[in-house]
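**Q** Need the complex rebuilt from these two chains, each delivered in its own frame; the hints are there to steer you.
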Amino acid sequence: MRAVILDGIVLGLAFGLLGVGMTLVYGLGGVLNLAYGQIVVLAAIVASNVMADGTATLVAACAGVLVAAGAAVLLDLTLMRPVYRQHGEERTLLGLLLTLGAAFVIAGLLTWRYPAGALYVNITGDPVSIIGVPMARGAIWASAIALAVAAVLLLFFGLTTFGRGVRSVIQDETGARLVGINPSFVRTVIFALSGVLAGIVAITHSMSGPLTVNAGFELTTFALIVTVVGGLGSVAGAFLAGVLLGVVNTLSAHYIGQYITTIILLGAAALTILVRPRGLLGR
Amino acid sequence: MRSARSLGWAALPIVVTAAVLAALPPIWFGDSPYTTSLAVQALVFAAYGVGFNLIFGSTNQLFLCVGALAGVGGYGAVILIDETSLPMSVGIVVGTLSAAIVGGLLSWIAVRRSLGIIFTGIVTLVFSLAFANLLLGQRELTGAETGLVVSAAADKLGDDQVGGYYMFACLLVVFLVIFRVLQLSHIGWAFRALRDDEVAAELAGVDVARYRIYAATIGSAMIGLAGALFAYSSGYVSPSTYSFDRVDVRVLVLVAFGGLGTLLGPVVGAGVFAILDERLTTSLELREVLYGVFVLAIFLFFRRGVVHAVVSLWKRISKPRGEKPTLQPSRE
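Protein chains in written order, with this note's numbering: chain P, 83 to 365; chain G, 6 to 337.
So that you can see chain G by itself, here it is in the shape it has in the complex (with noise of 0.2 Å):
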C-alpha cells in the first residue's frame, strides 16, 4: 500500500499547475482578448498533448493523427447537433466516444498485425490524410473548405473567453490527474515494463496488446474530447482547425521538447510554445523554419526533454551521493 506521504508527492506536480493556471489570468492576461485566446490555444495543445503522450509516450505507438482523432471529435459532436438539435452535451460525448473507437481501432489494427513504431507511423498518417480528404470531399456535410458556424455555441462559450480558459484549465487538470493516476496503478507498471522491452514484459505476463488497446483508447479519447469542446468554444469548425500540419507536428514537436512519456512534458513544451508565438510576430514562414531547427536542436542535443532535464537535475542536488536508488515509478 502506497503510503498517504508518497501520494501527496505523486499529486504536487498537479496542484502546482493547477494553481499557476489558475493565477495565470488575473495577474497576467486578463484584459488581453488576444493573450487570452493564445493562452486557450496553448491549454488545448497541452490536452493534445497529453493525449499523445499516453499514447506515444508510454506505450510506444507513434499516432501520427492527433489531429484526426480531435477532428473526429469536433466534426462528430458539430455535425450531430446540426443534424438532430440535440443538446451540446450529447455531442460532445459522441464526438468523444467516437474518437476513443477509432483511436482503439486504429491500436488493435496494429497490434494485431505487430507493426512497428514505423508502420503504426504510417498507418495512423495515412488515416490523417484520408480524414483530411473526407472533410473535403464531403461538401454537404462539412462545408469543406469554409468550414462550419457552430451554431449551438454562440450563447454558450463563445463570448466568454476568460470562461473558456478556466473551462480548458479544469480539462487539462483533470487529464493530468488521469494520466497520474493511471501512471501509479498497475497499468503504469505494465506501461513501463513494455515500453522499457516489449518482449520481457510479454514474458514476464504483462498483455502487452491489452495495453496498448487500454492507452490508444484513452488518449483518444481525451484528444477528441479536447477537439470537441474547442469546436465549441472557437464556434468554428474547418478542415485547417484539425490538419495535420497545424496539429500533429506541433504536438510531436511540443511533447518531445516537454518530454516524452513525463507527466508536465505537454504542459511545459505547450507554455514554451505559446510565449514563443506570442513573441515572434515575424512573418509565418520564418516561424517555421524556426520550428524546424527547434525539431532539430531538440533530438540532436536534448533528447529527452526539459522535465527530464530538470527531474535528474534535483535529484543530483537533493540525493547525497552512495544512497541506494529505491525502487519506485518515476516521478517524471
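Chain P on its own, in the form it takes in the complex (with noise of 0.2 Å):
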C-alpha cells in the first residue's frame, strides 16, 4: 500500500510537470496547444540523436530542451499571431485547431524520418530505500526535477517583476496593457518556457522508461488532463492535480486493472469540467 502510494506521487509530480507547460500557455491566452506532446517527443529525439555521438547525457539533455524552446517560440511568432487577433472562444477554437495542424506536421516528419526513435536515459545504481519502500534512482531524480522546477515556478511567478507581470497578463490583458506590460513578448516568453519545460519534461520521462517517437498524443491527453483538473493556468494546480490523478492512477491500476484505470482518470477530467470547471486552484 505505501508503495503504491508513494509511486503514485512519483507519477504524479511526472504528470504535474506535463500539465504545468500546457497551463501557463492557456491560462496566458486562451491557447490550448495540442502541438505540447509533440514538442516533449521533439526534444527527445534530438536529445537521444544528439547522445548516440556520444555526447555527455546532460549536453544532449540541453541540446534537447534548447530545441523545445525554439520550436516554441517559434510557433508563437508564426502561426500564434492570428490566433491572438481574434477573442474570446474564436481565438481558443482556432488556437485548438492550428496546434493541432501543427501537431500532425510534427508527428508525421518525426516519425517518418526517424520511426525507430526513442529517448532512454539510463540511470544507474542500486534502488534507494525511501520510507522502507525501495525506489528506482531514476524515479528519484525524476521527482526531484520535478519539485525543483516546481518552486522554480512559483518562486519566479511570486517574487519577481516579471512573474508579477505575466500573472497580471492573465487576469486581465488589457489591464496589463495599460500598465506598460506588452502582453505579446509575455506570451513569447511563457511559450519559449513551456518548451523549456516541455524539454525537461522529455528528459524526466526517459529516465524510467524509454521515450518512443509516436507518445506525442498520448503526452497531450493526459496534459490536458492534468490541465483540466488542476485549473487553467495554475502552476499549483497543475502540480496537485498531477498528484492527485498519480496516486489514484496507481491505486486503480494495482487493484482494478490497466484499462478502467484510463477510464476513471478520463472521468475525473469530465467530473471537474462538469462539477468544476475552474479546476482545483483556478480563479
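Hints are supplied without guarantee of correctness; some may be wrong.
Unchecked claim - To be clear about the criterion: a stretch of chain G counts as covered by chain P if any three or more of its residues have a C-beta under 8 Å from a C-beta of chain P, and this derived list gives those stretches:
| hint | segment |
| --- | --- |
| 1 | 109-123 |
| 2 | 208-216 |
| 3 | 292-298 |
Just so you know, the hints here were simulated from the structure itself, not pulled from any lab data. C-beta atoms are modelled at their ideal positions from N, C-alpha and C, and glycine is treated no differently.
**A** Quick look at the structure:
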C-alpha cells in the first residue's frame, strides 16, 4: 500500500510537470497547445540523436531542451499571431485547430525520419530505500527535478517583477497593457518557457523508461487532463492535480486494472469540467 | 409560404449531387475494386461529415467524438446480432438509436452545464478516449485490437462493392435532404440565430438548449447509422475503424475544408480528400504531414471553406451591384 502510494506520487509529479507547460500557455492567451506532446517528443528525439554521437547526457539533454524552446517560440511567432488577433472562443478554437495541424506536421516528420526513435536516459545504481520502500534511482531523479521546477516556477511567479507581470496578463490583458506590460512579449517568453518545460519532461520521462517517437498524442492527452483538473493557468493546481491523479492512477491500476484506470482518469477530467469548470485551483 | 421556384432552387444542389454520385461508377471506377472501396469510404466520411456539420456547423457544439458515436452504432449493431441472432436491420436500428441517445445525452450535459465550445470539445474528446479504452478492455465482447468479424454480413453486402457504393450514395443523399429540410424549416432559422448570437437568440425567444439537443441527437443518429452500415458493408470492425485519429481528425478537416455549416461542404471535402488519398501513394507519415499542412493552410487563409468561396463568387457574378440583399436563409 505504501509502495503504491509512493509510486503514485512519483507518477503524479511527472503528470504535474507535464501539465504545467500546457496550463501556463492556456492561462496566458487561451490557447490549448495540442502540439505540446509533439514538442516533448521532438526534444526527446533531438537529445537521443545527440547522445548517439557519444556526447555527455547532460549536454544532450540541454540540446533537447533548447530545441524544444526554439520550436515553441517559432510556433508563437508564426502560427499564434493570427490566433491572438481573435478574441474569446474564436481565439481558443482557432488556437486548438492550428496547434492540431502543427502536431500532425511535427509527428509526421518525426515518425517518417526516425521511425524507431526513442530516448532512454539510463540512470544506473541500486534502488534507494525511502520510508522502507525501494525506489529506482531514475524515478527519484525525475521527482526531484519535478519538485525543483515547481519550486522555481512558484518563486518566479510569486516574487519577480516579470513573473507578476505574467500573472497580470493572465488576469486581465487590457489592464496589463494599460500599466505598460507588453502582452505579446510576455506570451512569447511563456511559450519559450513551456518549450523548456516540454524539454525537461522529455528528459525526466525517459529516466524511468524509453520515450518513443509516437508518444506525442498520449502525452498531450495527459497534459490536457492535468490542465483541466488543476485549473487552467494555475502552476500549483497543475502539480496538485498531477499528484492526485497519479495516486488515483496507481491505486486503481494496482487494485482494479489498467483499462479501467484510464477510464477513471478520463472520468475525473470530465467530472471536474462538469462540477467545477475552473478546476481545483483555477480562478 | 415558400414558392415552388425557391424550393426548386433549394433542392437543386442535392439533385446535382445525386446525379453525379449515380453517374460515377459507370464512367469512372466501375471495374476497379480498389477505387470503389475508396469511393465507399469517401461516402461514409461525407455522411459522418453531414452529421458533424449539423452538430458543430449549425449549433456550435464541438463534438470531438464522431468516431466514438459511429462506433456506438457499429459495435452496438454487431454485438447485438452476434449475441442474440436477431436480423441485421434490428441491429442497425438499435445501433443508430444508441448513438442518437448518447449524442443527445452529451449535448444535454453540455447545455445544462452551459459549457462553451472548448469544454464541450474536451468533454466529448474525453468520451472518445474512454470509449476507445472500453473497446480494448471488454475483450470477450469486442475482441479488443483483433476486432470482430460481422458474421451476418458475409452473404449480404460484403461481396457486392458497387451495391455498397449505391447504398451509401443513397444514404448520403437522404442525409443531405434531411439537412436541407432542417435548414429551410423553423429549426434552421433557430440554428442560424443561435449560431450568430446565442444571447440575442435566447432573448428573441429561441429555446437555445432545446435546439442544440435536437441538432446533436439528429446528427448523432446520422453518424451512428453510417457507422453501423459501414460495419456491415466492410464485414469487420476493430477499434481503429472508429478511432479518434482515423475518424474525427479527418471529419473535422474535410468539413472545415468544404465549409462549416454548408450543405455540400462535407461532400466536397470528402471528395477532395478521397482524390488526394488515391493520388498520394507515399508513406503514411508523409500523408500525416500533408494533412497537417492542409489544416494549417485551411485555418490560416481559407477559414470559411470552398463552398463559401464558390457561393460568394457566384453571387458576385450573377447579381448586379446595388441590388438590395433579400431576406432569405443562406443557400450555401
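**Q** Which numbered hints are broken by the structure, listed smallest first?
**A** 2
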